[in-house]
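Put the complex together from the two separate chains, hints included.
So the sequences go chain by chain: A and B. FYI, the numbering for the first sequence is 2 to 558, going by the numbering used here. FYI, the numbering for the second sequence is 119 to 315, going by the numbering used here.
Warning: the hint list may mix true and false statements.
[Stated by the list, open to error] With a Cα cut of at most 20 Å, we get these calculated SDA-like pairs of lysine to any residue:
hint: 1; chain 1: B; residue 1: K166; chain 2: A; residue 2: L441
hint: 2; chain 1: B; residue 1: K282; chain 2: B; residue 2: S270
hint: 3; chain 1: A; residue 1: K360; chain 2: A; residue 2: K436
hint: 4; chain 1: B; residue 1: K166; chain 2: A; residue 2: P157
hint: 5; chain 1: A; residue 1: K556; chain 2: A; residue 2: S205
hint: 6; chain 1: A; residue 1: K206; chain 2: A; residue 2: P536
hint: 7; chain 1: A; residue 1: K507; chain 2: A; residue 2: S431
hint: 8; chain 1: A; residue 1: K360; chain 2: A; residue 2: S426
hint: 9; chain 1: B; residue 1: K238; chain 2: B; residue 2: H195
hint: 10; chain 1: B; residue 1: K166; chain 2: B; residue 2: R315
hint: 11; chain 1: A; residue 1: K206; chain 2: B; residue 2: S134
hint: 12; chain 1: B; residue 1: K166; chain 2: A; residue 2: A254
hint: 13; chain 1: A; residue 1: K290; chain 2: A; residue 2: S205
hint: 14; chain 1: B; residue 1: K166; chain 2: A; residue 2: A250
hint: 15; chain 1: B; residue 1: K166; chain 2: A; residue 2: G251
hint: 16; chain 1: B; residue 1: K166; chain 2: B; residue 2: V306
hint: 17; chain 1: A; residue 1: K428; chain 2: A; residue 2: S511
hint: 18; chain 1: A; residue 1: K206; chain 2: A; residue 2: M258
hint: 19; chain 1: B; residue 1: K166; chain 2: B; residue 2: K238
hint: 20; chain 1: B; residue 1: K238; chain 2: B; residue 2: R315
hint: 21; chain 1: A; residue 1: K428; chain 2: A; residue 2: G510
hint: 22; chain 1: B; residue 1: K166; chain 2: A; residue 2: V255
hint: 23; chain 1: A; residue 1: K206; chain 2: B; residue 2: K166
hint: 24; chain 1: B; residue 1: K166; chain 2: A; residue 2: S253
hint: 25; chain 1: B; residue 1: K166; chain 2: A; residue 2: M258
hint: 26; chain 1: B; residue 1: K166; chain 2: A; residue 2: T248
hint: 27; chain 1: A; residue 1: K206; chain 2: A; residue 2: G82
hint: 28; chain 1: A; residue 1: K290; chain 2: A; residue 2: F346
[Said to hold, decoys possible] Sample of chain A residues with no beta-carbon within 12 Å of chain B, all distances over it, derived:
hint: 29; residue: S70
hint: 30; residue: G460
hint: 31; residue: G497
To be clear, the hints were calculated from the coordinates, so they are not data collected in a lab. By construction, the Cβ of each residue, glycine as well, lies at the ideal position given by its N, Cα and C atoms.
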Amino acid sequence: MSTESIAWPSATAESRSFVDRLHDWIATVDHKRLGLLYIAYALVFLLIGGIEAILMRIQLIRPHNNFVSPQVFNRLFTMHGTTMIFFVVMPVMFGFANYLVPLMIGARDMAFPRLNAFSFWMTAFGGLLLYFSLVGANGLYGAGNAPDVGWFAYAPLTSQTFSLGHSTDFWTLALLVSGFGSIGTAINIIATILCMRCSGMTLSKMPLFAWLNLIMAGLVILAVSPLTAAQIMLLIDRYLGGHFFDTQAGGSAVIWMHFFWVFGHPEVYVLVIPAFAFASEIIPVFSRKPIFGYPVMVGATVAIGFISMSVWAHHMFTVGMSPAANTFFVISTMAIAVPTGIKIFNWLATMWGGKIEFKTPMLFCIAFLFQFLIAGLTGVMQAAAPFDWQLGNSYFVVAHFHYVIVGGILFTLFAAFYYWFPKMSGKMYSETLGKLHFWLFLIGFHLTFDFMHIPGLLGMPRRIYTYEPGRGWDTWNFIVTIGVFFQAAGILVFLGNLLWSYFRGKSAGSDPWDAWTLEWSTNSPPPAYNFYTIPTVQSRRPLWDLKHPDDPDWKYE
Amino acid sequence: MSTTSLTLPPREVEWSPSRGRVGMGALIAAEAAIFTIFVVAYLFYVGKSLSGPMPREVLSPPIFFTVCLLSSSLTIHFAARALRRGNVRSFGAWWLLTITLGGLFLYGTASEWHRLIYEKGLTISTNLFGTTYYSLVGLHGFHVVVGLVCLSTVMAFTLFGEVKQAHAERIDVLSLYWHFVDAVWIVVFAVVYVIGR
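Just chain B, with the same shape it has in the complex (with noise of 0.2 Å):
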């Protein structure tokens, strides 16, 4: 960044927080709002549906995915710790675990929609459940993608050996959007199998 480039003379700072964070923060801020909105969209229509399937008929809850979502949020913070103290290859392995978990919970939502649209007859269209459904468990799976896809490349980037643990910043930074996507789990999984149900 042309920023950075530049050699400047030290100075001294009050406070400084890094941008990285506040950029993340602020983000995070926005992706909250726009999750909020769907969210309160999901429980103004539970139980206003006009047909079936309805939610108590076709859902159970996949504790199982749920542990492997909210695990990968513990490996991601060993692997960022392990960066920071200099640690690749324990980085790189604490990674690789995390990008595992996040695909077993992909895996896990797609398995539970093939049985829904295949075997339980719900899509988007069937009716206000199906809509409210996949759209908030899809916008949250959406997110899973971009995160894993952002995992992947640092992975990728990992094995070329190109992460060093002046990096840790960043990988702090990225970390962050995992603890949301699945910090935002959490309130997914209440509002769609615990309250909607």
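Only chain A is shown next, with the shape it has when bound in the complex (with noise of 0.2 Å):
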């Protein structure tokens, strides 16, 4: 590609000052840019929230231990919870969606770049609103600092007589402010995908990828958004002297749980099904095969988006709904099972008869289609309302959850990190190093979290900040906390290769792993303008049908 004849700014990087540099990031409009600062953003949130995990692993490694306090503890797994899911796992998501949606679709940038830039610097400043809370928190009170309501702030702890000071304010102006910049990257992840296709790029030869950000950003707009309201209303209750949850004067604490659910479990399905995206793409082209089941994959996927939409009320159980309404959110949440499991079986035909290469990217992808499994069938399990009656509330549901987040999506996380790091970075990663911390993690997040599911049956709630001896809580806890020592030695590492790979890596060419997508065809590092010219689409392969002129996919498709 002649690309040379164009003086693009990048070409010249390396004679600019840092000053121009910087300004070059910070005003950039550029869908590459935007995804990579999304995803170092999360990276160092990710590290924030890890310390904090830790913090709180080692306060609960023996009981009566005094290595933080109660008020500690409390801000500790407030922070961690909200910090993961608004600050982590969402922003990688968009910085991957921002990246690669016009890549794959052949697009020159995402269809409204500066509403893009928008969205990333409030989700940005959403985050730093939050930790500005350990500054600003203290108010005229004296009230503790950060944030200590759980993350999903309950009321009427969260009331001004419960909630002193201004923690909780920063909460929700945090949750707030990200969540006008989720909605507004989810507008333009959906406009993109409607409109800037590349010629020939029907929905249905569509990249997996892109479908399942489409879907993805559908239910963000449809999730987020009461997410939005019910923190509008908090504050109207907190400064205005509104009622909506104030019981005393009528007013509800459980339609808050209702307000936030029907956010929080929606909410899992946009973490997961990006994760569900990067599986749909590593695992064909590290098996060989193009995705089974492509369409029923497509159909899976939105089953989900909208059986996702009346499942909330499962984390409520334990409030004590009516027999039908029990009954109704019990079968709606085994129903959602089905479209899942029907995933997996595709991933699995996709994988069987394939030519597996087992890299670090396809390491991770199995080892998430086990515990994936898992953590589904610990959900079946809780979806069950008595069952959910014996362990909501305790270690078994953090088990539960955390078996979805880190040995679900975490894991596809990393796969993704390792595909398109050569594509992102124009650099190979060192294997060596990402097989390292493949089992490093590997260990660690089964030490942590299969064992965690004992204690939980055994009776231990979720956020005691201490335990008494002699429940046989004390091994199980032992072995959790040392477990989080190796997840945190494999995300040292798994820095440490990124740093490493990008200064010192070989060079990886535009296509090392022979795949198929478009991203593909284009330099590593993509220029500004992604194409040189816009390609041309016959097949949900357009790279196999460029690489084997004899036998393209279109004539099967």
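Here it is in structure tokens:
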């Protein structure tokens, strides 16, 4: 490609001063740079949220430990949850969507580049606002700093009476602000995918990655907006003396739960559908087979999107709803396991009979398949309301959703990092360090979250800062904490690998995996304009067609 | 925008909706979800106030101002149609009428609130009715204000002669938002002044 003839700023980046380059990044509207900003931002918060988790696990390593005070422990689990959901996983998913969707559909940028930059900075400042509470939340009361109401902030704990100072306000405002950013990005993703596809790329020829991100964006629109509304109500209660969640004036604490989980459960699918998207791109490439059951994959994801809007109250079985409501949410929650199971079978069928290459991204994807299956099975267990009455609010629940978020989402995220790192940086990562990361993290993950189920079954409630010895929880908590250090070591190897490979790695070339989607047809890293000429597509695997003109896919699709 | 400044060879596209319309449609979906939560809260709390004043005692349906707002949907439609046909003067007249009708509606809300606060003693913290009423009607009023700011910006450009037939698509997209604001009012009106009273 004759890209040399055009002098783009990036070509002369080396000669520009640091301030100029910084300005380029801050004022950028380029989807790739914004994608990288999202990802870098999320990695910083991953470290912060991870340190919070480590501190909590050190506190719980033995009974009657005095590592942190109860007050600090409350702040730690609140900040850990809020950070990981809103400022790690969501931004990193938006980052990958931003970077990859235009490249995969053969576009030169997102539909609204400036809205894109606006959304990123809203999210970024939302995160800063949350952590500014450490400085600014004391208020005149001298009350605690960081938010300590739990990540779902049930009423009436959030009322002025019980949350003095400004910590809860920082929590509310941070989520409100980053929520606007999320909605902006979701609008952008939808408009990009529906309006910016290259010639020949009909909806049925789009990479699954684009399809799944389209559905994720739709869910963001429908899920984050209720959260925004609920946060506005909470602000009205706290600052204007409203009574939405004020039970003494006839308000209802339960309606906050409904509003929060109307957001909260689709949110799980907002996080996991992009993870499915990664797996759906990576597994076929390393199995050397096209994805099995493309239309079924799309249909199953759409079904998940729909059903996920009607399962929220399974978070509330222990609240005491009517038998009719309990029954409805039991059935809908169990129903959502069906399309999810279909997807797992599709990925397995993609691997079946394939020539599997056990590169680091594939290792993470295979681990994801097993772990996500177990996470789904404990989910079905808890979907049964009577079982949930026994285990609600216990460490079994904590183990279950960490199995989803770490074992499912984080594992595919690592796969995505290794898979697209050569495209984003132009350098190849170290396979040795990648495998070391995989094994360290796999061992740590299973030590922590497999054994975490057991104290839950034995009755250990979540969010307690310490516990009595001799309840049979001691050994399990010890093992769980030991696992955390393996995970932390894995993360350090991962970050070291990224940095080392960026500066010292071998050049990757434009298509190191012999892959089939359009992002691999342009340079690594791609030029600012992505494609010298806008590509034309005839099948779901345009690069396969290009590489095998004698046996193109479009003959069979 | 960076994507449109490059001259591309003409490409055949099967079916490609305008990104402005899709973007606005997605925004409207998000806004609708926000309003849904406020409407649900309003309906859930109907009749649950522990103290007065109650809706039946203080609310009367603002029929005239509702007619104003709903007819502004019609006038903005005529404005957009005029611009599509290249008639900028007619566009400006209809547009100004739209802004006037929207402004009248806001005046209606303001005078109703003034009456409720100073004569009936109902504020957002008085009781549950006050909380839900002011937040739902206020949320809608906020959207009317945003709409009026956008419409007035276009009006200013029109007066300076900057609005051309080529902008018809953008005006259409903006008018979608205004139609949405009007449509939401039908729901708010039904909930607050019919069901909730």
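Legend entry - In rising order, the numbers of the hints this structure does not comply with: 1, 9, 18, 23 and 27
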